[in-house]
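In order, the protein sequences belong to chains A and B.
The first sequence begins at 0 in numbering that gives the first Met the number 0 and counts up by one.
The second sequence begins at 0 in numbering that gives the first Met the number 0 and counts up by one.
The set of hints was computed from the structure by calculation and includes no laboratory data.
Mixed in with the good hints, there may be bad ones.
[Stated by the list, open to error] Sample of chain A residues at the chain B side, in silico, Cβ under 7 angstroms:
1. Met24
2. Ala25
3. His39
4. Glu45
5. Lys118
6. Val121
7. Phe132
8. Val159
9. Val268
[Unchecked claim] Among chain B residues calculated to face chain A with C-beta under 10 angstroms, some are:
10. Arg15
11. Val123
12. Ala306
[Stated by the list, open to error] If you anchor each label on the Cβ, the simulated ranges turn out as follows:
13. A:Arg32 - B:Gly274: 28 to 36 angstroms
14. A:Arg206 - B:Glu76: 24 to 32 angstroms
15. B:Asp202 - A:Gly199: 26 to 34 angstroms
16. A:Arg32 - B:Ala201: 16 to 24 angstroms
17. B:Glu173 - A:Gly199: 54 to 62 angstroms
18. A:Arg206 - B:Gly74: 31 to 39 angstroms
Remember, predicted model here, so these are calculated numbers, not experimental data.
All residues carry an ideal CB built from backbone N, CA and C; glycine is no exception.
There are 2 protein chains.
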Amino acid sequence: MTMDGAAEQAKGPQDRLAEALAEDMAAVNRIIRTRMASEHAPRIPEVTAHLIEAGGKRLRPMLVLAAAHLCGIAGGEDHRKLAATVEFIHTATLLHDDVVDESRQRRGRPTANLLWDNKSSVLVGDYLFARAFQLMVEPGNLRVLDILANASATIAEGEVLQLTAAQDLATSEEIYLKVVRGKTAALFSAATESGAVIAGAADAAVRALYNYGDALGIAFQIADDLLDYGGTSAATGKNVGDDFRERKLTLPVIKAVAKANAEERAFWVRVIEKGDQRDGDLERAQEIMARHGALEAARTDAMGWSARARAALSVFPDQPLRGMLDDLADFVVARIA
Amino acid sequence: MTMDGAAEQAKGPQDRLAEALAEDMAAVNRIIRTRMASEHAPRIPEVTAHLIEAGGKRLRPMLVLAAAHLCGIAGGEDHRKLAATVEFIHTATLLHDDVVDESRQRRGRPTANLLWDNKSSVLVGDYLFARAFQLMVEPGNLRVLDILANASATIAEGEVLQLTAAQDLATSEEIYLKVVRGKTAALFSAATESGAVIAGAADAAVRALYNYGDALGIAFQIADDLLDYGGTSAATGKNVGDDFRERKLTLPVIKAVAKANAEERAFWVRVIEKGDQRDGDLERAQEIMARHGALEAARTDAMGWSARARAALSVFPDQPLRGMLDDLADFVVARIA
Chain A
0 MTMDGAAEQA
10 KGPQDRLAEA
20 LAEDMAAVNR
30 IIRTRMASEH
40 APRIPEVTAH
50 LIEAGGKRLR
60 PMLVLAAAHL
70 CGIAGGEDHR
80 KLAATVEFIH
90 TATLLHDDVV
100 DESRQRRGRP
110 TANLLWDNKS
120 SVLVGDYLFA
130 RAFQLMVEPG
140 NLRVLDILAN
150 ASATIAEGEV
160 LQLTAAQDLA
170 TSEEIYLKVV
180 RGKTAALFSA
190 ATESGAVIAG
200 AADAAVRALY
210 NYGDALGIAF
220 QIADDLLDYG
230 GTSAATGKNV
240 GDDFRERKLT
250 LPVIKAVAKA
260 NAEERAFWVR
270 VIEKGDQRDG
280 DLERAQEIMA
290 RHGALEAART
300 DAMGWSARAR
310 AALSVFPDQP
320 LRGMLDDLAD
330 FVVARIA
Chain B
0 MTMDGAAEQA
10 KGPQDRLAEA
20 LAEDMAAVNR
30 IIRTRMASEH
40 APRIPEVTAH
50 LIEAGGKRLR
60 PMLVLAAAHL
70 CGIAGGEDHR
80 KLAATVEFIH
90 TATLLHDDVV
100 DESRQRRGRP
110 TANLLWDNKS
120 SVLVGDYLFA
130 RAFQLMVEPG
140 NLRVLDILAN
150 ASATIAEGEV
160 LQLTAAQDLA
170 TSEEIYLKVV
180 RGKTAALFSA
190 ATESGAVIAG
200 AADAAVRALY
210 NYGDALGIAF
220 QIADDLLDYG
230 GTSAATGKNV
240 GDDFRERKLT
250 LPVIKAVAKA
260 NAEERAFWVR
270 VIEKGDQRDG
280 DLERAQEIMA
290 RHGALEAART
300 DAMGWSARAR
310 AALSVFPDQP
320 LRGMLDDLAD
330 FVVARIA
């Protein structure tokens, strides 16, 4: 392997996607900048620029573009508009999430609700949704609109579900999956599916790309939730134990609760349902999870979803872009391998 | 005039519209109830039912239906779905507004952010937007989607503008009009215009109904803003002086500021820009407005918009529904006549 080859190998699949899609991504960035402007309300680009320029990885727009190219899109602006659309939806949900979670940091910087106020975060989030809506109507494709409307409902329902399922030990894996689809997978799958549809792909290819985005998003989110009980702050950008302190019913907890004996159950009731957490409780939670193999079982689930994502792409001929998407499916679980 | 005729006359145009559109409205109410349900997140219908059942006048859905019938719609579900769509959008904006304004009362009842929390209001608002989006896609009419997307952007931009224009004495009547379109008129005009489009109306009729909704909304909002400096709590459901205390740049203030001498200007700077309000300041503001005829000028503007709304309908033949919409244009300014 040459030095260049080694360097190429060292790059993550996201970097290689960004290079392969560079021309499209430059156009998408132009659309994002133009469309988030507001002649009369300078607060809007202030707030959004803060977030959109803040080193987001632009994963979701790249998924739209990659799917469209995998399905042989000939060019034009439509797939770029849809790519900007999903980034706007993503940014809008981040703004609203930070209000809901009362977050103070996002991507290593103070959140908009901290820099400005909750009002600005709510209203600028609404503005970005509206802009997304305008952009997605422009290609004039009703099937794409249907996909994005359904994804929006799944996202919103998942968010509410997360709010009401928090602190509820009765939360099942089925509900967890709905929350995860809302938080992450619904926009991933809408991105890949709408990219395929706008390229005029056949039904089998559209379905394959929906399945890829869905499985990729679920694998990604389970890995993220796992790292909250075992990763390092450097690997995740968040602190181990955040979910525990927020009493979230993530997959490792759900699996441990399902196998709990009476004494362990009393522990979970105290720390999660009652929120009475003391020194050493996080360690005790980790110990109980280890005893029941809960982290291992969640890891196996994540790997399974990653494999499903790869398998979905098997309908496409081998080509560099498919390889990058395959690698991306490995990459999202590499942190927990 | 018979007793019945007198009673009929005493009813407001909204009541007569509700009677004329009763069958459609019953169907719209069924759609609203079905579509706001969420199998897994009972918090959603709890919050929305609280608001949607709370005696809202359903003015916006009636505007969709009236416009569609004025343009001779033959039946079907599409106009009803669009009517439910605009009610969902309206309810979503109310939920977000109450978070932004930190309101404690709406329609004489405690607001959702007070009964539940800000989180629920933000997320359930998002859920209703998403549900609105799904509903509006179903008729499969791209022109309607374009209208509603543009209205959403106008609404969101107007809200942000209102936030940033508050307390800014440089706010012009042009900016005020943008805020008013965002707050009120954009959804009124989107309702009437989309009703016309879904009925397959000719361009002139579509334009007329857009103009009617736009002018009606502006007349309504100016009247509302005027009453804040002179109405009674019973007439408006809000207290005289609320806008003053919140330092809002509404039309009467803008007109008074434009004619202010040095001493008056210092007063406006103190009470609006600096927010240093003392006993008797509201009365002083009213006195300054009276001196410059600011309330009278704003009243004249409202009457002008009301007349424009009526004039827009002149392209339609005389019929009961047109008469009710004419009367509605009178009604919204009757409170300030």
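Checklist entry - At a threshold of 10 angstroms, is the proposed contact between Ala306 (chain B) and chain A supported by beta-carbon distances? => result Cβ of Ala306 (chain B) sits 27 angstroms from chain A, so the hint is violated.
Next on the checklist: Take the shortest C-beta to C-beta distance between Val268 (chain A) and chain B; is it under 7 angstroms?
Outcome noted: 22 angstroms, violated
Checklist entry - Between Glu173 (chain B) and Gly199 (chain A), is the Cβ distance one that fits in 54 to 62 angstroms? => result 44 angstroms, violated
Item to check | Interface restraint verdict for Arg15 (chain B) against chain A (beta-carbon cut-off 10 angstroms) | outcome: With a minimum Cβ separation of about 34 angstroms from chain A (threshold 10 angstroms), the hint on Arg15 (chain B) is violated.
Checklist entry - At a threshold of 7 angstroms, is the proposed contact between Val121 (chain A) and chain B supported by beta-carbon distances? => result 5 angstroms, holds
Next on the checklist: Checking hints one by one. Is Phe132 (chain A) an interface residue toward chain B, by the C-beta closer than 7 angstroms rule?
Outcome noted: Since the shortest Cβ distance to chain B is 4 angstroms, the answer is holds.
Next on the checklist: I want to verify a distance hint. Is the separation of the beta carbons of Arg32 (chain A) and Ala201 (chain B) within 16 to 24 angstroms?
Outcome noted: 39 angstroms, violated
Checklist entry - At a threshold of 7 angstroms, is the proposed contact between Glu45 (chain A) and chain B supported by beta-carbon distances? => result 10 angstroms, violated
Item to check | Verdict for Asp202 (chain B), Gly199 (chain A) (Cβ pair) under range 26 to 34 angstroms | outcome: 32 angstroms, holds
Next on the checklist: Does Met24 (chain A) hold up as a contact with chain B if the rule is Cβ-Cβ below 7 angstroms?
Outcome noted: Since the shortest Cβ distance to chain B is 24 angstroms, the answer is violated.
Next on the checklist: A range of 28 to 36 angstroms was offered for this pair. Does it hold for the Cβ distance of Arg32 (chain A) and Gly274 (chain B)?
Outcome noted: 35 angstroms, holds
Next on the checklist: Min Cβ distance, Ala25 (chain A) to chain B: is it shorter than 7 angstroms?
Outcome noted: 25 angstroms, violated
Hint compliance for this structure: hints 1, 2, 4, 9, 10, 12, 16 and 17 are broken, all remaining hints hold.
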